[in-house]
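**Student:** In case you want the letters, here they are:
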Amino acid sequence: MNLMKKQEQDVQKVSRMEVAPQTRIDEAEDAFTLTVELPGVAEKDIDVTLENRTLTVTAENTVGIYKDYTLALTEIPEVRYRTAFELPEHVDTAAVKAANRDGLLILTLPKSERVKPRRIAITAG
Amino acid sequence: MQIKRRFRKINRKVRTLNKERRSIMRAYVGTMNNPWRLFDELSNDFPFDFLNSAWRARSGQYPRVNVWENEKGLVVEAEVAGVDPEKLDVSVDANVLTLKGEKAEGKDAKSEFQRSFNLPFELDNEKIKAVAKNGVLTITIPRKEGTEKRKIAIEKL
Chain W
178 MNLMKKQEQD VQKVSRMEVA PQTRIDEAED AFTLTVELPG VAEKDIDVTL
228 ENRTLTVTAE NTVGIYKDYT LALTEIPEVR YRTAFELPEH VDTAAVKAAN
278 RDGLLILTLP KSERVKPRRI AITAG
Chain H
11 MQIKRRFRKI NRKVRTLNKE RRSIMRAYVG TMNNPWRLFD ELSNDFPFDF
61 LNSAWRARSG QYPRVNVWEN EKGLVVEAEV AGVDPEKLDV SVDANVLTLK
111 GEKAEGKDAK SEFQRSFNLP FELDNEKIKA VAKNGVLTIT IPRKEGTEKR
161 KIAIEKL
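Same order as they appear, the protein sequences are chains W and H. Residues in the first sequence are numbered consecutively from 178, following this note's numbering. Residues in the second sequence are numbered consecutively from 11, following this note's numbering.
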């Protein structure tokens, strides 16, 4: 690949606007669920990284381009989605799982064993 | 003397205000040149349509769309992340295209949205195709046959 082309691609990468995606956090007894809306993003363009306790999601959407057609209304820009979360102490970072469905990235953040509610058996004294 | 100076100040303020108002008016007229804007939601009378629709799209009231057009028909792309394709409803009545859907918000909460477009031509009901992928719904709509643009010859008297 020649240098010119590479530079062009770099420029295209930079020129995307960076926006924070819509997210929602649900808490259940044993895990948090983090739902990130990434419409128009293919699975290969999603990047989830976990560094120390910081979870970062970056993704780039693909906007369809139709030849022989003219654009009559544009509301969907080409963007780079980026969001980061500081995971609390009681999330088990080793067991974080990610799934992708219908343009949603669903991250399951299990709570570590020591904060889960547990029943204490009473022994007869 | 001082009153005079104050008057001058007020006058200047009024002038800049008028200028601003004119530029807003111009922006509004600019959006009116776009036929889609005119035919879109009726409540879009706020001058900065873009901000308005972006805000509404963000608040989940309706999905954002890209519309591509040529003589044969339209391609509509709508962002419907998190909407189960089975809960999506695309319907057509004469030249009105309606997108309806239901989005799950967490375990038992849900939100509904609906967006209609008044299209500039009649649609072919039978040939509409809709595909949902990665949270984007792509609708291909051909123009109804016999409603294509045609040139009218001008006769000489």
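Calculated from the structure, these hints are not laboratory results. It is possible that part of the hints are untrue.
[What the hints assert, rightly or not] Simulated crosslink set (EDC-like; lysine to aspartate or glutamate; CA at most 20 angstroms straight-line): (1) H/Lys137 x H/Glu112; (2) H/Lys143 x W/Asp224; (3) H/Lys159 x W/Asp245; (4) H/Lys139 x W/Asp245; (5) H/Lys154 x W/Asp245; (6) H/Lys154 x H/Asp134; (7) H/Lys139 x H/Asp103.
**Student:** All the hints need checking, so say for each whether the structure fits it.
**Tutor:** Verification of the supplied hints:
1. H/Lys137 x H/Glu112: With Cα atoms ~24 angstroms apart, H/Lys137 and H/Glu112 exceed 20 angstroms; violated.
2. H/Lys143 x W/Asp224: Holds, at about 19 angstroms.
3. H/Lys159 x W/Asp245: 17 angstroms, holds
4. H/Lys139 x W/Asp245: 18 angstroms, holds
5. H/Lys154 x W/Asp245: Distance of about 18 angstroms is within 20 angstroms: holds.
6. H/Lys154 x H/Asp134: With a Cα-Cα distance of about 4 angstroms, the restraint between H/Lys154 and H/Asp134 holds, given a limit of 20 angstroms.
7. H/Lys139 x H/Asp103: Holds, at about 15 angstroms.
In this structure, only the earlier hint numbered 1 is contradicted, and the remaining ones agree with it.
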